[in-house]
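For the protein sequence lines, the chains are C, D, U and L, in the order given.
By our numbering, the letter at position 98 of the first sequence is numbered 98, and the numbering carries on one by one without gaps.
In our numbering, each residue carries its 1-based index in the second sequence increased by 330.
In our numbering, each residue carries its 1-based index in the third sequence increased by 668.
In our numbering, each residue carries its 1-based index in the fourth sequence increased by 989.
Rather than coming from a laboratory, the hints here were simulated on the basis of the structure.
Idealized CB from N, CA, C, for every residue including glycine.
Each statement offered as a hint is correct.
With a straight-line cut-off of 30 angstroms between C-alpha atoms, the simulated DSSO-like cross-links for lysine-lysine are: (1) K793/U to K889/U; (2) K889/U to K26/C; (3) K130/C to K889/U; (4) K793/U to K26/C; (5) K433/D to K380/D; (6) K793/U to K67/C; (7) K26/C to K287/C; (8) K480/D to K380/D; (9) K67/C to K889/U; (10) K450/D to K480/D; (11) K450/D to K433/D; (12) K433/D to K480/D; (13) K26/C to K67/C; (14) K67/C to K287/C; (15) K176/C to K889/U; (16) K176/C to K129/C; (17) K176/C to K67/C; (18) K129/C to K889/U; (19) K176/C to K130/C.
Simulated restraints, written as ranges between beta carbons of each label pair: (20) R985/U to R10/C: 41 to 49 angstroms; (21) S296/C to N790/U: 49 to 57 angstroms; (22) D637/D to P1193/L: 54 to 62 angstroms; (23) P429/D to L978/U: 51 to 59 angstroms.
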Amino acid sequence: MTTEMQPLLRVRELRTWFHTFSGIVKAVNGVSFDLAAGEVMGLVGESGGGKSVVGYSLLGLIDPPGKIESGSILFDGEELANAPERRLREIRGREIAMIFQDPMTSLNPVHTVGRQMDEMLRLHTELDKKARRQRCVEMLESVGIARAEERLESYPHQFSGGMRQRVVIAIALLAKPRLIIADEPTTALDVTIQAQILRLMRREIRQQGASLILVTHDLAVVAEMVDKITVLYCGRVVETGPVRQVLEAPAHPYTRGLIDSIPDPAHRLPRLRQIPGTVPDIRALPKGCAFRARCSGAAAICSEVEPSLVARAEGQSAACHFPLVSGETA
Amino acid sequence: MTAMLEVQDLRQEFRLNPGLLDRISMKGGRLHLQDRIVSAVSGVSFSIAKREVLALVGESGCGKSTVAKAIARIYRPTAGNIRLDGQDIASLSQAELLPYRSKMQMIFQDPFASLDPRQKVRDIVAEPLRAQSGLASGEVAERVAALLAKVGLNTEHAGRYPHQFSGGQRQRIGIARALSVNPGLIIADEPVSALDVSVQAQILNLMMDLRDEFGLAYLFISHDLSVVHHIADRIGVMYLGFLVETAPRDRLFAMPRHPYTRALLSAAPSINPTRSRPEIELQGEVPSALALPSGCCFRTRCPYAWDRCAQERPALRDMGDGQSVACHLTDEPQRDMP
Amino acid sequence: MFAFTIRRLIQMVVVLWAVSVIVFLMMTFTGDPVFMVVPIDATQGEIDQARRILGLDRPMIVQYGIFLSGLLQGDFGLSYVFRQPAFDLILERLPATMEMVVVAMVIATVLAIPLGVYAGANPGKPLSRLIMSGSLLGVSLPGFWVGMMLIWVLAVEFRIFPSSGRGDIGTVLGVETSLATASGWHHIILPAFTLSVGTLAILLRMTRAGMMEVTRQDYMKFARAKGVSRRGVLYGHGLRNALIPVVTIFGLQLGDLIAFATITETIFAWPGMGKLLIDSIYRADRPVIVVYLMLVALIFVVINFMIDVLYTFIDPRITVK
Amino acid sequence: MMTRILATQIAFNWRRNLSAISGTVILLACLFMVAVGPSLVAQNPYDVMQLNLLDSYLPPVWLEGGNPNYLLGTDGQGRDVLAAVIYGTRISALIGLSATLLSCVIGTFLGLMAGYFGGWIDALIMRVADIQLSFPSMLIALFLMSAFGTGIDKILISLTAVGWVVYARTVRGSTLGERQREYVQAARVAGLRDAAIIWRHILPNVMTPLIVVATVQVGTFILIEASLSFLGVGVPVTQPSLGLLIKNGFDVLFSGLWWTSLFPGLMIMAMVFGINLLGDFLRDELNPRLK
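Same shape as in the complex, but just chain C (with noise of 0.2 angstroms):
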């Protein structure tokens, strides 16, 4: 995919904080990213990092005591960062929806799946009773639910994590949304399962041509998923571009440290190369650069000024003084 398309989603200076008793947690802190129609993106990070709570900004679901304290979400042209609830009721599931990470618990465990889908298209379209009924059961069938017109009547509680899964996906594609953001969806599945999963959204999404985003912190299942890659730390990206690129030359040292740390089956190396230390107290971020107090290519620049985003290669820009070439390892 190429950048210079009209991004379908543009995310500019994103901030939404956390105002807590110990203090005000910037779980996102200026977060900027373009993202084309039917493109895929992985926003990737550890926990902390604030990807989580991209996703929900996205859709104003960020409850008190959070909040989107600036930025702007610009999406097919139209503002969301402060759009009335009304007006993101009519997005929620139509032009943007979500897949939450575990499927054990985000349906309704006393209503049927079949209702469960029904209130989407019931929300979100014309159809009558009779059409809705017809296009919930191609959905199920789609997602590979056998015997679908049966499975309608049944409860989540009867369904396998896996197949659960498969019903939030396809209740998330429904009314054919736009962009559908995926929070970890398959964190909580077993590997085998989590292949058929990870398939499945694949191939639907194409179908449907919308775009993705993935928001996880498995490089494995980015590298395997998506056209372009995020890299959020404290809140801040810190690296985005093309994910071969980004992948085989970062140029963030967080970025080519994610990627040393993951044992590679094909360059088994005697230790892996690790990043030391741990991730600050967001509550209380040092001046500058937030990683330097684990890089080692840190000097005095970067506990000074906050390095911002600047454009590398084509399409790659990383936040960092001193950026690695192709191939340097951190």
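Chain C is already provided as a structure; the job is to place chains D, U and L on it using the hints.
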């Protein structure tokens, strides 16, 4: 050479034991008392040499953690032998076990649940020492300080509570606790799966360093094939309570024989998707351990299964080069065509 | 369903049996009932004879056997005070008590659930805070005292309601009840309201807690991500989940109402079985106490069974096998 | 340290929570009354020699005919209502607190046994608890008291017999949970005996929810005791608790002599309300799911 650990035909069943009244059910018009028994582990055998790392991999519910906890004698095994340094500990009472505890310690999965939130680090680390040796408190304190240094923490951490540490640091505390009595074998139950990747690498490196320094053997439980490939000398693959294949690491990755092993390898996403591999897509999901399938446990999802698989349970057979497989395909290789 | 019923029936019988043993033991070891039937100046010979007639000279196990077989035949003996079958005495007064309990339960439910849902759905709003403070006060009030104060203000000072007794009895659908007449309603309002205060407060708090609990669930957020409105999420998805724990409390509260009816009946001179029980306790009228306890035990066991069945209708995860 | 951090956070939230503050203030006032009250009133209401029948049924001081010696009026025996309320509060509070303590100790022990060892111990304890829980506490206590006769010791026994269940259930539930947790398994691998595991690891970790249960139970017990005494099967007439005072007032309520029953009732209400305010606050603070 005696193995550090030798497990023979280990079985672990759990009785889902609701009250007497809840077990009454109707069958054929008569009242009937039923026993619901889960076979979590159904006859697993393997051994671990001194300084060897054996990894057990499999998906959730395959029994790999149960094997670990049965060997650590958190559970009382239903049947089988567990020989630790030559001595069978499978049926010893908790009191009789005490002298053997110092040969075998355990590291747990969840860095938040595995440390008592109301104990200080120094008491957590010293717990096995105090229970198993008659060391004076001065010696205990010295040893705790030394252990903390070994795992990359410092002495001032000893007076803190677990919640003041990050997940990776907590896992280090758990490792120090396991090391405190100088065990020869450490059972590690998914020690890195709750950690972020960057921290995961730190812990894996630490575990490897400690093995070199103290000559430890590990029984390493994991669902993550890339982690297992990094740390293990030998790998066992489990499915639904059965060991379906064991082999030395490189052999298993290069020449997996059991269809489940192959499926597992092909399903694992890789950061290098360029490498080509045969895709085996598994259909369906793992059956319930309450009602194991007849014959081969994997046949309900196996793309190759034929009628023999439903009738006869395949036994683990030595295929040479340290590889053993439990699959009827080894008798009829002509069926092994994609 | 059949096996479930069998299982529950066995359970019910076991519970009732256990209650009978406890009741028997307590009755045997506390106080000698023989002095209830003999005159104060009775001779030792008369006492011994009374003892024989009552079967009190037999071994314990035999006494229990007689006691149990009496229970099974519905023969609980004569009231020492009224010289009538104790069972009939209680049964006569059962409708009056049930009337009051049912009205109290209806008052509590009708007020508690909407208020609780509101307070749970709008935490922090002034009205919610007011509701919650009120309900906390409600669980802190001694019910009998509330009744007395109501009598003082509304019956003694202002004479709006009668202070005691049950109203005229009419017949609806073949059932004789005071709820069929205006005077009956006039009489029942105060005692039923008094009785309902505690239950009202507890049901309200449970409903609110249930509502607050479900608002944190993932499926609520998922529903919002589908574009469902806030109201739709709360009432369409939350309410039913929130009410599941309330149903349990509902059963327990029904039991509490029957228990506290004893006091309310005493205050309002309501001719129910609770007042009879208290009177019988004062007079050590054992047969009546035994009937009351066994009957109430039976009622509770049946209520619990019905709650379990009700559960399966509101929570599809619970299946009756 | 952990407890200290928790304590500071609770203290912080306490200061911002109006109902927590008012609950504490009410309880402190009650405590003050119970501790210092008797020395502030001239009369010992239990000492018949100090009572003056000529002063019977005097209204509160602000009404016509009130006597400044008796701020809240007197009852039929010339007993100062204020003094009676102060002494009655002592008895009610004493019963509520001791019965709660007894229930807590016994229930916690049984709950730990049931949860940790399981098997028939568990089945037995829990069956008894189940059966008992299907009957209202009030009714069981009433039944026990009617069999025992009046007396403070008998009330304590009855309330404990009613009260242990909730601790046993709560503790058993948390013990089952804790027993599965890895730190308990780690203690076993370390070689600790069962008794040491229970004492050192499980007990400290199951105590937190009990704080809330116990707080609320003190209030419940005060109310049940009041009801029993009101029915005449609670405290003996020589040691009138608040409930018995209300009962005495009931008999003359129809003559318009309301003060003998109003003030003891208000006292119960204030005390239990204060306890419940605090219990509510603690519940919110100690419930990890809310965080």
